[in-house]
Structure formats: structure tokens, C-alpha cells
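With the hints as constraints, model all of the structure from the sequences given.
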Amino acid sequence: MSMSLLQVLIGGLMLGAVYALFSSGLTLIWGMMNVVNFAHGDFVMIAMYVAFMVWKLFGGGPFMAMPIAAMLLATLGIIAYFSLVRHVMKGPMLAQILGTFGLALLLRYGMFWTFGANFQSLPENLVGGTYDLWGIRIQASRLLAGTLAIVLTIALHLMLTRTSLGSKMLAVAEDSTAAQLMGIRPDRMQAIAWGLAAGLTGIAGALIATFFYISPTVGETLAIIAFVTVSLGGFGSITGALVAGLLIGVIESLSGYLIGAVYKDIVVYTIFIAVLWFRPQGLMGKN
Amino acid sequence: MKRSVWLLLILALVIVYPLLFTTPFLQRLGALVLLYAIAASAWNIVGGYAGQVSVGHVVFFGCGAYASMAFFTHFGWPPIAAVPVGMAASVGIAALIGVPTLRLSGHYFSMATIAVAELARLIVTNVEALGAAVGLSGPVMPRTVFDLSFTSALPYYYLFLAVLLVVLGLTYWMENSRIGFYLRAIKDNERAARSLGVQAGRYKLYAYMISAGLTSVAGTLYATMYGFIDPESGLGILTSVKILIMAALGGAGLLFGPLVGAAILVPLEEISNNLLGGKGAGLTFVVYGAIIMIIARFYPSGLLKLLLDRMAAAKPAPSDKQVRDVA
Amino acid sequence: MLLEAIDVTKTFGALTVVNTVSVSLNKGDILGLIGPNGAGKSTFFNCLTGDLMPTSGRVILNGEDVSMMTPEQRAVRGLARSFQVPQTFETMSVLENVMIGAFLRTSDPARARRRAYEVLDLVGLVDVASAVAGSLGTPGRKRLEIARALATDPEILLLDEAMAGLTATEVRQAIELVRKIHQTGMTLVIVEHIMEVIISLAQQVIVFHQGHQIARGTPQEVTRDPAVVTAYLGKRAAANAARGFAGDPA
Ligand SMILES: Nc1ncnc2c1ncn2[C@@H]1O[C@H](COP(=O)(O)OP(=O)(O)O)[C@@H](O)[C@H]1O
Ligand SMILES: [Mg+2]
Numbered sequence: 001m002s003m004s005l006l007q008v009l010i011g012g013l014m015l016g017a018v019y020a021l022f023s024s025g026l027t028l029i030w031g032m033m034n035v036v037n038f039a040h041g042d043f044v045m046i047a048m049y050v051a052f053m054v055w056k057l058f059g060g061g062p063f064m065a066m067p068i069a070a071m072l073l074a075t076l077g078i079i080a081y082f083s084l085v086r087h088v089m090k091g092p093m094l095a096q097i098l099g100t101f102g103l104a105l106l107l108r109y110g111m112f113w114t115f116g117a118n119f120q121s122l123p124e125n126l127v128g129g130t131y132d133l134w135g136i137r138i139q140a141s142r143l144l145a146g147t148l149a150i151v152l153t154i155a156l157h158l159m160l161t162r163t164s165l166g167s168k169m170l171a172v173a174e175d176s177t178a179a180q181l182m183g184i185r186p187d188r189m190q191a192i193a194w195g196l197a198a199g200l201t202g203i204a205g206a207l208i209a210t211f212f213y214i215s216p217t218v219g220e221t222l223a224i225i226a227f228v229t230v231s232l233g234g235f236g237s238i239t240g241a242l243v244a245g246l247l248i249g250v251i252e253s254l255s256g257y258l259i260g261a262v263y264k265d266i267v268v269y270t271i272f273i274a275v276l277w278f279r280p281q282g283l284m285g286k287n
Numbered sequence: 001m002k003r004s005v006w007l008l009l010i011l012a013l014v015i016v017y018p019l020l021f022t023t024p025f026l027q028r029l030g031a032l033v034l035l036y037a038i039a040a041s042a043w044n045i046v047g048g049y050a051g052q053v054s055v056g057h058v059v060f061f062g063c064g065a066y067a068s069m070a071f072f073t074h075f076g077w078p079p080i081a082a083v084p085v086g087m088a089a090s091v092g093i094a095a096l097i098g099v100p101t102l103r104l105s106g107h108y109f110s111m112a113t114i115a116v117a118e119l120a121r122l123i124v125t126n127v128e129a130l131g132a133a134v135g136l137s138g139p140v141m142p143r144t145v146f147d148l149s150f151t152s153a154l155p156y157y158y159l160f161l162a163v164l165l166v167v168l169g170l171t172y173w174m175e176n177s178r179i180g181f182y183l184r185a186i187k188d189n190e191r192a193a194r195s196l197g198v199q200a201g202r203y204k205l206y207a208y209m210i211s212a213g214l215t216s217v218a219g220t221l222y223a224t225m226y227g228f229i230d231p232e233s234g235l236g237i238l239t240s241v242k243i244l245i246m247a248a249l250g251g252a253g254l255l256f257g258p259l260v261g262a263a264i265l266v267p268l269e270e271i272s273n274n275l276l277g278g279k280g281a282g283l284t285f286v287v288y289g290a291i292i293m294i295i296a297r298f299y300p301s302g303l304l305k306l307l308l309d310r311m312a313a314a315k316p317a318p319s320d321k322q323v324r325d326v327a
Numbered sequence: 001m002l003l004e005a006i007d008v009t010k011t012f013g014a015l016t017v018v019n020t021v022s023v024s025l026n027k028g029d030i031l032g033l034i035g036p037n038g039a040g041k042s043t044f045f046n047c048l049t050g051d052l053m054p055t056s057g058r059v060i061l062n063g064e065d066v067s068m069m070t071p072e073q074r075a076v077r078g079l080a081r082s083f084q085v086p087q088t089f090e091t092m093s094v095l096e097n098v099m100i101g102a103f104l105r106t107s108d109p110a111r112a113r114r115r116a117y118e119v120l121d122l123v124g125l126v127d128v129a130s131a132v133a134g135s136l137g138t139p140g141r142k143r144l145e146i147a148r149a150l151a152t153d154p155e156i157l158l159l160d161e162a163m164a165g166l167t168a169t170e171v172r173q174a175i176e177l178v179r180k181i182h183q184t185g186m187t188l189v190i191v192e193h194i195m196e197v198i199i200s201l202a203q204q205v206i207v208f209h210q211g212h213q214i215a216r217g218t219p220q221e222v223t224r225d226p227a228v229v230t231a232y233l234g235k236r237a238a239a240n241a242a243r244g245f246a247g248d249p250a
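Residue numbers (our numbering), protein chains in the order written: chain A, 1 to 287; chain B, 1 to 327; chain C, 1 to 250.
Errors might be hidden in some of the hints.
Here are some chain B residues pointing at chain A (derived, C-beta under 7 Å) [claimed, not checked]:
{"no.": "1", "residue": "L20"}
{"no.": "2", "residue": "A115"}
{"no.": "3", "residue": "Q199"}
{"no.": "4", "residue": "Y288"}
{"no.": "5", "residue": "R297"}
None of these hints come from the bench; they were simulated from the model.
In this text, a Cβ means the ideal position worked out from N, Cα and C, and glycines have one as well.
Structure below.
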């Protein structure tokens with residue numbers, strides 16, 4: 001394998017890790033309360049703008065942006081849950097999908113209106129330059145984002161499977177009436193899930209902003225990537241999302257490198273259709 | 001007054017509207033209301049009646065629009081002649097999306113509709129024969145009347161009205177036949193419907209394909225009127241949003257819901273664009289987002305339903321005896 | 001033989017909920033399935049209707065193997081059902097709910113409407129025909145489900161706890177209704193956990209316990225079966241019952 005191919009591969013893995021991180025929030029909410037957040041990509045977009053503003057106003061990097069974005073987005077997630085999602089999730093499908101889709105538009109065009117359509121980006125060396133490891137060049141920003149994203153995704157998985165909060169959340173996912181009888185408050189658990197999922201988009205956004213373009217409409221692209229990741233990983237599965245996210249990051253980067261940058265999204269979206277046709281239960285799901 | 005009298009009165013008003021309001025702006029506005037009402041009524045068949053929320057309906061609109069402009073550009077067809085091509089492509093794409101997803105939970109369907117619309121936009125943006133990022137144009141000067149290229153909006157108004165009546169007629173027929181009953185049953189409770197022998201997946205797919213075909217006609221009409229199509233207007237997500245919000249605001253699953261929605265939102269958008277200029281576009285969609293959230297949260301069945309319920313509450317409901325005699 | 005289940009087993013993961021259960025029904029039979037809550041009755045029932053696919057075993061309807069068929073395919077072949085937790089079409093009227101059933105045999109709305117009225121008349125819901133299904137209480141919904149199922153002109157009707165949650169009077173009325181339906185020549189499978197209902201209706205009873213069929217026979221036979229009494233009332237009561245029944249040949 002040539003060095004540059006390896007370089008693309010590693011870059012793709014790092015990008016894919018961030019995809020996995022924000023997709024894990026989508027899959028958590030979907031698995032837990034059967035709601036798909038169509039504004040999920042726009043949550044990431046907001047976080048990217050937070051990172052942009054943090055740099056612009058204070059000259060801060062991702063370590064300053066991450067906590068701010070996480071807090072802000074978690075708050076947004078919890079507000080969205082209590083003011084919107086909780087009410088529409090029991091209604092007809094139309095209400096449920098329109099609810100979060102409307103939120104997506106509000107956020108997207110709110111940012112469009114405030115910041116304009118222009119693409120922004122953070123300075124290339126905000127995190128550090130580019131490392132040269134045995135001839136493989138890798139941006140420090142990607143390395144940081146990828147590593148942190150993997151760690152956090154695994155941490156989310158462990159939290160859900162190993163802690164009492166996690167098992168309460170899974171109990172609500174399994175059967176919210178039964179959970180209620182056991183003294184768990186489904187409402188609170190679901191609000192926590194929204195806070196958690198949105199908080200993770202905050203971190204993911206602050207990380208990806210260090211090497212990705214920032215625009216009001218980037219949320220749509222990221223949302224579709226999250227859909228592909230979640231479907232490929234099997235809905236509700238964090239580990240599935242991790243594997244699928246990494247895979248998609250690699251496929252995207254490779255197709256960008258081998259066929260051309262404009263085709264990388266086309267390849268990823270086509271994979272989505274293929275998954276729906278041939279493997280709707282996801283890669284890991286049983287038949 | 002009886003329902004049919006009301007309807008005839010409204011129809012008469014719609015017919016004379018462009019003769020009463022003769023300024024080009026108001027005539028064009030009327031034509032646009034009807035055009036979007038066609039697309040939103042078509043969406044209503046799958047989104048409102050079958051309860052499958054397509055958020056990427058622009059892909060069918062784009063099929064119709066691009067088919068007409070492409071066949072004109074490459075073969076010199078009058079734009080309107082490509083209607084069957086656009087419909088066939090739309091029905092094919094509907095099957096591509098619908099066959100795998102309509103047997104899964106409704107979320108997969110909605111996600112797939114967004115992704116395919118975006119996929120189509122990306123592909124078309126990179127295909128020279130379809131005008132790539134620049135787009136395609138129709139006839140500059142009308143060669144024959146069949147090019148349907150007029151400077152006045154009046155002929156378009158009546159053309160769109162005729163098509164809208166056909167779409168509404170078809171919807172009405174569907175609403176009152178077995179498929180309409182089945183779709184409502186599936187929307188209410190798919191498991192129960194299947195226990196009564198309803199082939200849920202198949203009927204949802206039928207609804208989706210019919211909806212797709214009709215939406216593509218709206219796309220063709222759009223392209224004939226504007227004489228131009230590009231990836232943003234023909235395949236951008238904002239057109240999907242417009243189609244869907246008009247149906248949902250007016251009343252998804254109601255025959256005249258989409259028309260009501262279009263009659264409210266199209267003028268609003270035109271006025272806000274005129275007042276605010278380019279900056280208005282962003283703001284319009286902020287407002288659209290807010291409206292969609294409010295509908296979802298408070299009035300998921302739309303304004304027309306709200307109105308009808310108010311009217312029904314005002315007068316006593318007919319007794320079962322009467323209903324039975326009528327039936 | 002109209003309906004036959006052969007060694008039907010259903011597992012969820014490691015949990016075996018239905019364990020090699022077999023039944024057979026001739027035309028005009030009423031088969032009762034009883035057993036305590038969680039015994040696996042609904043799961044077995046759903047394997048018959050196609051809502052669940054059996055893990056192993058076969059379901060034969062009118063001589064045709066329908067084990068892998070969907071609920072809608074079985075409905076076309078003459079099988080109809082009600083749900084333990086009512087699944088009515090909430091936003092549609094009572095009449096329209098029943099019309100959905102009638103549409104299985106005709107595509108003409110006028111004929112479907114006529115058929116629906118006939119059935120509503122039979123089950124006694126004509127007076128609320130134009131009410132929205134969502135406005136009915138539990139007894140009304142259960143009746144509506146039966147009506148809807150009957151409107152498909154089935155050969156066999158499966159009722160899952162059609163009497164649960166009803167008052168004593170309502171139960172009596174419901175029993176009357178089931179009798180009336182049976183008199184039209186209908187074959188029925190009724191799931192109940194109220195013993196009295198089964199005793200007054202079924203000719204043949206199968207008793208479920210923890211996924212197993214622990215007894216079968218006439219209602220009189222199974223109520224005397226010590227295993228059944230144990231399952232229902234616990235060991236001590238069974239011992240008492242056994243003493244009470246001492247000398248009884250059963
Ligand atoms: N989908 C499922 N997954 C796991 N366990 C199930 C499922 N459905 C039913 N069960 C279990 O199977 C057992 C039997 O349930 P059911 O058939 O509903 O009993 P019954 O109708 O006799 O009350 C119960 O313990 C229930 O928890
Ligand atoms: Mg049961």
C-alpha cells in the first residue's frame with residue numbers, strides 16, 4: 001500500500017470517528033424512544049459555529065470550545081425535548097417527523113440569516129500543525145478529534161451498559177411502562193438522553209470544526225451521514241454506530257481520493273440506499 | 001348551506017379570480033398558488049392519506065422539470081411533451097425508495113427520501129447533459145403554442161387550475177374507494193389493518209408511486225412557466241419543504257388542505273421576498289421552520305381541520321338514524 | 001380439519017415461550033385456550049394468526065401450510081382475529097372500522113357499507129355506527145374488533161381475551177354474542193384466563209402453563225385435572241381439591 005493511500009485511510013478513520021460520535025446520539029434517541037431527530041445534523045452545525053465564535057472572540061481552540069458547545073447543545077437538547085419532542089412523540093408520525101424537521105429548518109436558516117451562506121473555517125494550525133509519522137502526514141486536528149471521538153463513543157457505550165443510569169435508560173427503552181412501575185421516571189431518562197445526545201453533538205461539532213468547512217447547510221449533509229451510520233450500524237446500537245462511522249469515514253475518504261472529491265457524498269448516499277435494500281437490519285443485526 | 005353549494009361558489013371565485021385581479025403580479029401569484037397546490041396535493045396522497053412523511057418530494061418535482069428541459073434541449077420536444085418521461089422516472093425512483101423502506105418503520109422512509117433527493121441533486125450537479133450546476137433552459141421564443149411559453153400568467157393560471165382539478169378529482173375518487181379506506185386504516189393502525197387482509201406495504205407503495213407521478217407533473221409545469229431549471233430550484237431541499245409545509249399547514253389527509261396551505265403560504269412568501277429582497281429567503285425559511293414546529297406541536301391535523309371541527313361543533317351532529325338512512 | 005397447529009414452538013432469545021403445542025379444529029368447533037397470565041397463550045395465538053412466525057412447527061389452514069405466511073395472507077384464506085389490547089382504527093368511525101374488514105371481499109364501497117351494517121346489527125353496535133372508534137370504551141372496542149373480523153367473512157375466528165376488563169353483565173352479553181356467532185356455523189378459538197367463560201363456551205379446552213400444554217379435554221375434564229388446579233391455584237389448593245375429589249374416577 002502506498003504511503004498516501006495509508007494517509008487517506010487514517011484521515012478517514014479519524015473523520016469517521018467523529019461521525020460515529022455524533023451518530024451515537026441519534027441512535028441512542030432512536031433506540032430509546034423511537035424518535036428520529038431530523039435536527040441532529042443541525043445540532044452539530046450549531047456546535048461548529050460555537051467553535052468558530054470561540055476562536056473569533058477569544059482566540060480559543062477546541063479545548064475551550066468543547067465544554068461551551070457541549071453545555072449549550074445539551075441545554076438546547078433538553079429544551080427541545082420538553083417543549084417539543086415529548087409532545088409530538090406520542091402523536092401521529094407526521095407530527096413526530098415534522099416537529100424535529102421544523103426545528104432543523106429553524107436552526108439552519110436562523111444561522112443562515114445571522115452568518116450568511118458563506119463557508120467559514122478555522123485556521124489550519126489552531127490545534128497544531130501536521131505531524132509526519134514515518135512518512136505519513138496527519139493533521140494534529142484530525143488526530144485529536146478522532147482519538148477523542150473514539151474514546152467518548154466507547155465511554156457512552158460503557159455508560160449505557162455498566163452504570164445504573166445506563167441500565168435505567170435501557171429499561172425505559174425496553175418498556176417504559178414497566179420501567180415506571182419499577183420507580184424509574186421515563187420522562188427524566190428521556191430528557192437525559194436528549195441532553196446527552198445533544199451534548200455529544202456539541203463536542204463532535206467543536207472537534208470536526210477544526211478541519212471541516214463550516215456553513216449553515218452543513219447540517220443536512222451531516223444528518224444524512226448520521227442516517228447512513230445508524231442504519232448501517234443497526235438502530236439503537238452504539239457499537240454498531242462506532243464501526244459503521246469508522247467504515248463510512250474510510251469509504252468517504254477513499255472514494256474522494258480515488259474517484260474525486262465531488263463524488264464522495266454520492267458514494268456514501270448510494271451505500272445508504274444499498275443498505276436499505278439489502279441489509280435493513282444493519283451490518284451487525286441478525287437477519 | 002350545503003357543502004356542494006359552498007364548493008361551487010369557491011370554484012366560481014377561483015375561476016374568475018384572474019379576471020377580477022388583472023395585475024401581472026396578482027395573476028402570477030394566483031398561478032403559483034395553484035402550481036404549489038398541485039404539488040402539495042400530490043404529496044398529500046402519500047404524506048397525508050397514507051401517513052408516510054416524504055421530506056424529499058422535490059426529487060419528483062425535479063424529474064418532471066428536468067425531463068421537460070432536457071428533452072427540449074437535446075431533442076427539441078415541446079417541454080410539456082416530456083410529462084410521461086418525468087412521470088415514469090418518478091415512479092421508478094419512488095419504487096427505489098419505497099420498496100425497501102415502506103415495510104420498515106416510517107423513519108426509514110423519511111430518512112431515505114431526504115437522502116435520495118440530495119443524491120439526485122449531487123448527481124445532476126455533476127452531469128453536463130443535465131446542465132450541471134448551471135441548469136437547463138426551455139425555448140427562448142415559443143415555436144408553436146405547444147411550447148406553452150406565454151408572457152402573461154393568465155394561460156398558466158387556467159392550465160394549472162385544470163391540472164389541479166384533475167389531481168383533486170383523482171384524490172377524491174381515491175378517498176372514497178377501497179384504497180382510500182385502506183390507507184387511512186394503515187395510518188391509524190397498520191397491524192390491525194394487516195389482520196384484516198390489507199396488504200399494507202403494497203398500498204403504501206401505490207400511494208407513493210401515484211404521488212410521485214403527480215408531483216412530477218407539477219415539476220414539468222413549473223419548468224414550462226419559468227423556462228428554466230437548475231439544481232437548487234429543481235432538486236433543492238427547500239422546494240421539498242414548501243410542498244410539505246403547504247399540505248401540513250392546510251391539513252394533511254384532507255382533500256382541500258394543501259390548497260388552503262398554498263393559498264396562505266405562497267402569497268406570504270412572495271410578499272416577504274418583495275419586502276426583504278435576497279435577505280428575505282433565509283428569514284422565510286426560519287418562519288417556515290417555526291410554523292412546521294407549531295403545526296406539529298399543536299395542530300398536527302392542520303388549519304382546515306381546525307376550522308371544520310369548529311363548524312361541526314357549532315351545529316349538532318346528525319343522529320345515527322339519519323346517517324344510516326343516508327347510507 | 002380446518003385449522004391445525006403441529007408442534008408449534010416459539011422462543012425469544014433464550015426464553016421458550018411456547019413449547020411444542022399442537023391443536024386441531026374441525027369446522028364448527030370452539031376451542032378454548034386457558035392458562036394464567038404469561039403462560040404463552042397470546043404468543044401461540046399470534047403464531048396462528050401470522051403476527052409471529054413460529055420458531056419451529058407448522059400451522060395448517062384448510063390443508064395449506066401457512067406457517068410462513070403474513071397475517072394478511074392468512075386473512076385472505078379465511079382467518080380473522082381480535083387483539084387482547086384493542087387495536088381499533090381510532091380516528092375512523094365505527095362503521096368505517098367494520099368496512100375495512102368488509103373490503104377484503106369486495107372493492108365496492110356501497111357493498112362494503114351494507115355488509116358492515118349487517119355485522120354491526122349482529123353485534124349490536126348499529127346505534128354508534130357513526131361514532132369515532134376512539135370514543136368507545138373497552139367493551140365497545142372489543143365488540144368492534146369482533147365485528148370488524150366478522151366482516152371479512154372468515155371461516156375461523158380467533159378471539160384473544162375478548163372478555164378481559166368487562167363487568168359481569170358485559171361478560172354475559174359477550175358470551176351471548178359468541179354463542180350467536182357460533183350458531184351461524186363459525187369455528188372459534190377463544191383465549192381466556194377466566195375459567196367460567198371457557199366452561200360455558202368451549203367444547204374442547206387446552207390448558208397452558210409456562211409455555212407447555214399441560215392438559216386438554218372437555219371443560220369438565222380439565223377443571224378436575226390436578227395439574228390444572230395446581231397451575232391455577234397453587235399446590236395447597238390442589239392438594240385440598242385432590243382430597244375433595246377423592247374417589248372421583250377422573
Ligand atoms: N416479544 C417478546 N419478547 C420477549 N418475551 C416475550 C415477548 N412476547 C411475550 N413474551 C413473554 O412471553 C411470555 C408469555 O406471554 P403471552 O403469550 O403474552 O402470555 P399470555 O397471553 O398467556 O398472558 C411472557 O412471559 C412474556 O413476557
Ligand atoms: Mg395474552
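Hints, verified against the model:
1. With a least beta-carbon distance of about 35 Å to chain A, the hint placing B:L20 at the interface is violated under the 7 Å criterion.
2. Taking 7 Å as the C-beta cut-off, the interface hint given for B:A115 holds, the closest approach to chain A being about 5 Å.
3. Checking B:Q199 against chain A by beta carbon gives a least distance of about 19 Å; that is not within 7 Å, so the hint is violated.
4. A least Cβ separation of about 6 Å between B:Y288 and chain A falls short of the 7 Å threshold, and the interface hint therefore holds.
5. For B:R297, the interface hint holds, since its Cβ comes within 7 Å of a Cβ in chain A; the closest pair sits about 5 Å apart.
The earlier numbered hints that this structure contradicts are 1 and 3.
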